[in-house]
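A.B. asks: Residue numbers (our numbering), protein chains in the order written: chain A, 548 to 700; chain B, 548 to 700; chain C, 548 to 700; chain D, 548 to 700.
None of these hints come from the bench; they were simulated from the model. Worth double-checking, as some hints may not be accurate.
If chains are identical, the list can't say which one is meant, so a pair holds when it fits in one copy or spans any two.
[To be verified] In silico BS3-like pairs for lysine-lysine, Cα to Cα no more than 30 Å straight-line:
hint : residue 1 : residue 2
1    : 673       : 555
2    : 555       : 634
3    : 555       : 670
4    : 634       : 673
5    : 669       : 634
Protein chains: 4
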Amino acid sequence: MSVTFCYKIEVRFRDCDEFGHVNNAVYFTYLEETRHAYLRYLAGQGVSSNAADEKLPHGFVLVRTECDFLSEALPGDLLEIQLRVSKIGRSSFGYEYEIMNTSKSQLVARAKSVHVAYDRIKKRSKPIPEEFRAVLERAMQGLSETSIDVVSD
Amino acid sequence: MSVTFCYKIEVRFRDCDEFGHVNNAVYFTYLEETRHAYLRYLAGQGVSSNAADEKLPHGFVLVRTECDFLSEALPGDLLEIQLRVSKIGRSSFGYEYEIMNTSKSQLVARAKSVHVAYDRIKKRSKPIPEEFRAVLERAMQGLSETSIDVVSD
Amino acid sequence: MSVTFCYKIEVRFRDCDEFGHVNNAVYFTYLEETRHAYLRYLAGQGVSSNAADEKLPHGFVLVRTECDFLSEALPGDLLEIQLRVSKIGRSSFGYEYEIMNTSKSQLVARAKSVHVAYDRIKKRSKPIPEEFRAVLERAMQGLSETSIDVVSD
Amino acid sequence: MSVTFCYKIEVRFRDCDEFGHVNNAVYFTYLEETRHAYLRYLAGQGVSSNAADEKLPHGFVLVRTECDFLSEALPGDLLEIQLRVSKIGRSSFGYEYEIMNTSKSQLVARAKSVHVAYDRIKKRSKPIPEEFRAVLERAMQGLSETSIDVVSD
């Protein structure tokens with residue numbers, strides 16, 4: 548399964564807790580920042596506002612997430628989060644993530660998330676919009692944005 | 548499986564994101580606060596420092612956590628987190644959680660976490676200390692601190 | 548200058564940093580939570596939505612804040628934040644705060660904030676709405692909600 | 548007063564609140580990250596561990612901070628925080644900061660902080676260590692690390 552999008556984040560002092568390493572809850576923030584950066588990237592590629600622009604998060608809800616913690620990360624460490632599209636259903640899709648500590652060439656965490664297209668008026672799930680489905684399918688087939696490298700937090 | 552410990556947390560404005568509801572990463576903070584409150588409670592009950600006092604977190608590492616999000620919570624909502632001991636192994640044990648929105652009598656989230664006893668000197672897992680194992684076993688059998696109700700953040 | 552509103556917050560583990568005590572930035576979250584709780588309280592007292600209900604923050608912007616740190620606070624400590632209305636201008640007003648560690652009867656911090664009524668359409672300051680001005684003036688004269696005690700985070 | 552150190556931070560989605568812009572408390576985290584990056588930079592320049600390495604924060608305590616908020620910042624905006632040494636006393640020194648939104652060439656905030664050298668054993672202030680004092684004095688005279696540009700979060 549090829550990498551769809553890479554995002555680099557430097558660990559902040561405030562991301563860490565009393566143990567001096569990144570707090571577990573913050574890894575879910577790293578996943579979220581990666582998703583948002585991916586959507587900004589897609590918007591920059593002209594994927595329309597019905598699919599994946601800045602407003603897209605309003606159209607999807609996160610219904611599940613999970614993370615396995617493999618090694619610790621410290622303030623100032625540079626992390627690379629690799630996002631993959633892992634499954635596509637009628638109204639839901641899933642991402643998988645690997646978080647690498649590039650300062651130490653070490654795998655820090657593996658994670659997953661599941662997102663559902665949601666009609667906030669009718670208050671129920673809806674099919675994934677076609678244009679965004681096409682983006683996801685190309686990503687899953689490795690035909691698309693592989694090896695994008697956005698350097699920043 | 549009976550409830551081992553209950554903890555109440557009021558949702559802060561800062562816990563919420565642009566969508567006006569509690570951000571996904573913050574639920575993992577709520578789980579963590581519940582675990583810490585449980586350990587403080589145990590310490591108050593005389594469970595010794597080798598088992599479950601304030602320093603105990605140093606003796607265990609979180610290796611996995613997951614959460615299913617069922618409904619949203621808003622600033623000022625009062626949440627009740629119910630913690631259960633769900634499994635006990637040689638060197639690891641698991642908690643399960645239900646987060647209720649007591650302001651709306653609504654289930655907000657279901658979650659799990661897995662913790663491993665860890666020797667930081669030898670850098671490898673170790674057996675769960677006997678005194679804490681006994682606490683966990685009594686909790687799992689429903690013989691113990693069921694229905695503790697700590698009212699605070 | 549009499550106390551206008553009191554709010555209690557229990558220190559979370561996540562509020563703390565590598566030094567094991569509450570991180571400096573988090574004190575500004577405590578101030579903010581106190582302001583929001585005060586507005587919720589006023590809304591409950593019937594102060595109308597044009598003045599101080601849940602939406603009021605949209606009508607004011609924070610333009611300045613400051614804090615002196617006097618002692619540290621630790622996970623599980625119970626803090627009491629005392630808010631006072633300290634000055635009222637045409638379009639701006641100020642709060643002052645004292646943060647007490649009730650677990651140790653110790654003054655933790657002193658702080659101030661300045662807020663400006665803001666017209667988001669015309670993008671400029673506007674006079675403080677009359678109903679809210681009346682609330683502030685009564686608070687400043689000590690004629691009002693003194694010694695409110697809201698127990699929770 | 549010349550700039551001592553510059554640090555770039557990209558605004559995270561999680562840094563923002565219900566209003567969609569960076570929450571006031573988070574600006575104090577940006578200041579802190581800039582200070583820590585400066586200390587890491589000094590450590591890399593060979594300023595010894597008694598003065599300004601990773602452990603230096605343990606030797607100083609933050610006693611006061613303040614911030615004026617001038618414009619808002621949004622998710623994905625790139626901020627540049629300019630740090631200046633603004634005063635040096637016997638046991639305390641001060642930094643001043645300007646936060647620029649480089650995405651919009653706009654001044655976002657002005658801030659200050661005061662730090663005191665502290666003996667944690669004797670629990671009282673102590674003189675600023677000589678080596679670090681020399682660093683601060685050179686910085687204040689504009690003889691030193693002006694226009695350092697660290698690109699990252």
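A.B. asks: Each hint: holds or not?
C.D. replies: Hints, one by one, checked against the model:
no. : hint      : verdict
1   : 673 / 555 : neither (32 Å within a copy, 34 Å between copies)
2   : 555 / 634 : within (24 Å within a copy, 36 Å between copies)
3   : 555 / 670 : between (35 Å within a copy, 28 Å between copies)
4   : 634 / 673 : within (17 Å within a copy, 37 Å between copies)
5   : 669 / 634 : within (25 Å within a copy, 40 Å between copies)
In terms of the numbered hints stated before, the structure departs from hint 1 and from no other.
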